[in-house]
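Trainee: Heads up: the protein sequence lines correspond to chains Z and H, in order. Residue numbering for the first sequence is 0 to 235, as defined by numbering that gives the first Met the number 0. Residue numbering for the second sequence is 0 to 235, as defined by numbering that gives the first Met the number 0.
Source of the hints: derived by calculation from the structure; they are not laboratory data. Quick reminder that beta carbons are idealized off the backbone N, C-alpha and C, glycines included. Mixed in with the good hints there might be a few duds.
[Claimed, not checked] In silico EDC-like links for lysine to aspartate or glutamate, alpha-carbon gap of 20 Å or less:
no. : chain 1 : residue 1 : chain 2 : residue 2
1   : H       : Lys144    : Z       : Glu93
2   : H       : Lys146    : Z       : Glu99
3   : Z       : Lys127    : H       : Asp130
4   : Z       : Lys23     : Z       : Asp141
5   : Z       : Lys86     : H       : Glu135
6   : Z       : Lys52     : H       : Asp138
7   : Z       : Lys52     : H       : Glu135
8   : Z       : Lys86     : H       : Asp138
9   : Z       : Lys157    : Z       : Glu226
10  : Z       : Lys169    : Z       : Glu210
11  : H       : Lys144    : Z       : Glu91
12  : Z       : Lys86     : Z       : Asp141
13  : Z       : Lys169    : Z       : Asp141
14  : H       : Lys146    : Z       : Glu91
[Claimed, not checked] Estimated spans, in silico, between C-beta atoms of each pair:
no. : chain 1 : residue 1 : chain 2 : residue 2 : range
15  : H       : Ile148    : Z       : Asp116    : 20 to 30 Å
16  : H       : Pro131    : Z       : Asp181    : 17 to 27 Å
17  : Z       : Leu14     : H       : Gly169    : 45 to 55 Å
18  : H       : Ala59     : Z       : Leu154    : 50 to 60 Å
19  : Z       : Ser103    : H       : Glu124    : 36 to 46 Å
20  : H       : Pro230    : Z       : Asp181    : 30 to 40 Å
21  : Z       : Leu14     : H       : Ala59     : 43 to 53 Å
22  : Z       : Gln150    : H       : Val1      : 54 to 64 Å
23  : H       : Glu135    : Z       : Pro139    : 12 to 22 Å
24  : Z       : Leu154    : H       : Ile75     : 44 to 54 Å
25  : H       : Val83     : Z       : Glu197    : 48 to 58 Å
26  : H       : Val83     : Z       : Ser123    : 48 to 58 Å
27  : H       : Lys40     : Z       : Pro139    : 56 to 66 Å
28  : Z       : Ser159    : H       : Val50     : 49 to 59 Å
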Amino acid sequence: MSLNLHNISVNFGNLSVLKDVSMKFETGAISVVLGPSGCGKTTILNLLTSMVKAQTGKLEGVGGHNFSYLFQEPRLLPWLTVKSNLKFVLGEIESKEKREQLCSRFLEMTDLSDFSDWYPGKLSGGMKQRVAIARAFAHPSDIILMDEPFQALDLKLKLSLINQFISLWKGEKRTVVLVTHDIHEAITLADKIFVLSEKPASIVDSFNIEEPRERRIPGSSEYLKIESRLFRDLIE
Amino acid sequence: MVLILIWKLISLFVGSEIILPSPESAFRALFRLIMEEGFLKTVLFTLKRGVTGFLLSAAAALIIGIAAGENRFVFILLKPLLTVIKTVPVLSIVLLAIIWLTTENVPVFVCFLVVFPIISGNVIEGIKNIDPHLLEMADIYRVSKIKIIFQIYIPSLIPYLLAGLSTAAGVTWKAVIAAEVISMPRSAIGTGMQFAQIQLNTADLFAWTIVAIIISSVSESILLMLQYFLPWRRQS
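Let the sequences and hints guide you as you build the complete structure.
Mentor: Laid out in structure tokens, this is it:
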């Protein structure tokens with residue numbers, strides 16, 4: 000079942016953060032919420048994990064899910080090895096064998112097998128975020144929430160992590176909700192894009208992207224078409 | 000070395016072995032004490048009392064410190080109690096303890112009370128400094144409370160705990176020996192000091208003091224050194 004937000008409004012005291020927002024996040028698709036910095040994008044993720052309650056409106060299909068979350072920072076436990084960091088979120092899996100299997104599988108898919116016994120302190124920023132991605136997929140979730148996880152990385156690293164993420168996702172097809180202010184990230188990843196305005200955030204545009212991901216290369220006509228639409232949405 | 004030289008000069012100036020024995024006579028007395036049959040037993044019994052009081056107190060301080068760091072109500076209850084324990088003179092505690100307890104247990108009890116506020120204070124400080132981002136991550140990934148305590152709380156607390164333990168280790172021996180001097184259990188460094196003092200055997204008193212200094216500094220450095228053996232610190 001898809002996740003539905005119906006006419007949601009959220010206020011923090013006097014501050015209105017979300018105003019009459021309706022969104023539908025399809026199961027097994029990557030939905031991107033694009034908006035300016037500080038517009039309340041993260042609040043949407045917090046609504047889904049029930050960390051924030053809406054004052055008005057209705058949430059549908061939110062209960063009973065198991066979430067993975069990719070944060071802006073990797074949020075690894077510094078005193079656990081890479082492998083133990085993955086195991087940390089596998090408590091719900093009873094069989095030890097299965098846990099081991101999941102760890103090795105996702106460490107391999109993120110090219111981290113050789114580093115499984117390393118402590119995070121010794122890894123570079125990009126590698127740490129890769130561990131966080133492996134952790135998100137190893138966790139038995141059906142929904143992955145992402146809060147600008149590629150922001151702190153340089154362009155080349157960002158591209159390679161996005162590609163790695165897409166190939167992992169293609170094998171699993173979990174429901175993904177990504178919030179970002181980065182147009183390129185949105186175009187490269189999204190099946191559907193929601194564009195939010197400045198605070199109090201409301202939806203200014205939303206559309207599906209039908210072009211296959213491998214054809215959304217910066218500079219290509221498909222890419223430019225989407226980009227100019229998003230530009231207009233965000234500037235106006 | 001400089002200290003011993005100054006000691007020697009002052010003792011020459013004073014010229015009385017009863018008021019200030021020379022370093023040679025103190026070390027001669029120390030050597031004689033070490034050679035005595037009961038010496039090892041005496042030291043071991045004092046060590047046992049100190050270690051018992053120290054460990055019991057550390058365990059209690061850890062549990063209560065976590066509770067107080069997490070729960071405001073426990074903190075409010077604990078705070079005045081800690082202030083009282085810290086300000087009551089050690090000797091009042093010793094004298095009361097002699098009325099309440101057997102001589103054997105007085106030093107353990109006193110040690111417990113002296114160590115408790117130091118370690119619980121450090122634990123509370125450590126709890127305040129736990130990274131809320133890690134707790135949020137664990138919460139979203141539905142990690143069990145027990146796992147959160149053992150894999151986030153305790154490792155985050157370890158540096159604070161070790162610092163507290165090494166401060167407390169120094170205080171432990173002062174408290175234990177002071178309590179022994181008054182309560183005079185059968186085999187004890189404090190009892191030895193008391194006898195030396197009664198007999199005006201100042202050299203012996205100095206010799207026991209040297210033993211106490213050695214125990215104290217060795218235990219303090221062992222606890223300080225432990226910090227460098229944490230695997231995630233060694234690697235990063």
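Trainee: Hints first: check each against the structure and report whether it holds.
Mentor: Now for the hints, and whether the structure bears them out:
Our distance criterion of 20 Å between C-alpha atoms is met by Lys144 (chain H) and Glu93 (chain Z), whose separation comes to about 17 Å. For a cut-off of 20 Å, the pair hint linking Lys146 (chain H) to Glu99 (chain Z) stands: about 18 Å separates their Cα positions. Proximity of Lys127 (chain Z) to Asp130 (chain H) is assessed by CA-CA distance (about 17 Å); at most 20 Å being required, the pair is judged to hold. Between Lys23 (chain Z) and Asp141 (chain Z), the direct Cα distance comes to roughly 16 Å. Compliance with the 20 Å bound is thereby established for this hinted pair.
Proposed proximity of Lys86 (chain Z) and Glu135 (chain H) is supported: the alpha carbons are some 17 Å apart, at most 20 Å. The suggested pairing of Lys52 (chain Z) with Asp138 (chain H) holds, with an alpha-carbon distance near 17 Å, which does not exceed 20 Å. Taking the CA atoms of Lys52 (chain Z) and Glu135 (chain H), the gap is about 17 Å. The hint holds against a cut of 20 Å. For a cut-off of 20 Å, the pair hint linking Lys86 (chain Z) to Asp138 (chain H) stands: about 15 Å separates their Cα positions.
Between Lys157 (chain Z) and Glu226 (chain Z) the alpha-carbon distance is near 19 Å, which keeps this suggested pair within the 20 Å criterion. Restraint check: the Cα-Cα separation between Lys169 (chain Z) and Glu210 (chain Z) comes to about 16 Å, which is no more than 20 Å; the hinted pair holds. Using a Cα cut-off of 20 Å, the hinted pair Lys144 (chain H) and Glu91 (chain Z) holds, with the two alpha carbons roughly 13 Å apart. With a CA separation close to 18 Å, the supplied pair Lys86 (chain Z) and Asp141 (chain Z) stays within the 20 Å bound.
Distance check on the hinted pair: Lys169 (chain Z) and Asp141 (chain Z) sit about 14 Å apart at the alpha-carbon level, within 20 Å; holds. A threshold of 20 Å between alpha carbons decides the hint, and for Lys146 (chain H) with Glu91 (chain Z) the separation of about 12 Å falls inside it, so the pair holds. Between Ile148 (chain H) and Asp116 (chain Z) the beta carbon distance is about 24 Å. The supplied range of 20 to 30 Å therefore holds. Judged by the Cβ atoms, the range 17 to 27 Å given for Pro131 (chain H) and Asp181 (chain Z) holds: they are separated by roughly 26 Å.
Checked against the hint of 45 to 55 Å, the pair Leu14 (chain Z) and Gly169 (chain H) passes, with Cβ atoms roughly 51 Å apart. Evaluation of the 50 to 60 Å hint for Ala59 (chain H) and Leu154 (chain Z) yields a pass: the beta carbon distance comes to about 54 Å. The beta-carbon spacing between Ser103 (chain Z) and Glu124 (chain H), approximately 39 Å, falls within the hinted interval of 36 to 46 Å. At roughly 37 Å, the beta carbons of Pro230 (chain H) and Asp181 (chain Z) sit within the given window of 30 to 40 Å.
Distance hint check: the CB atoms of Leu14 (chain Z) and Ala59 (chain H) are about 45 Å apart, consistent with the given range 43 to 53 Å. In this structure the supplied range 54 to 64 Å holds for Gln150 (chain Z) paired with Val1 (chain H), their Cβ-Cβ distance being about 58 Å. In this structure, Glu135 (chain H) and Pro139 (chain Z) meet the distance hint of 12 to 22 Å, their C-beta atoms being roughly 19 Å apart. Checked against the hint of 44 to 54 Å, the pair Leu154 (chain Z) and Ile75 (chain H) passes, with Cβ atoms roughly 52 Å apart.
Checking the proposed 48 to 58 Å range against Val83 (chain H) and Glu197 (chain Z) shows it holds: the Cβ atoms sit about 55 Å from each other. Here the CB-CB span from Val83 (chain H) to Ser123 (chain Z) is close to 51 Å, well matched to the stated 48 to 58 Å. Judged by the Cβ atoms, the range 56 to 66 Å given for Lys40 (chain H) and Pro139 (chain Z) holds: they are separated by roughly 59 Å. Distance hint for Ser159 (chain Z) and Val50 (chain H): a CB-CB separation of about 54 Å, consistent with the stated range 49 to 59 Å.
Of the numbered hints given earlier, the model fails none.
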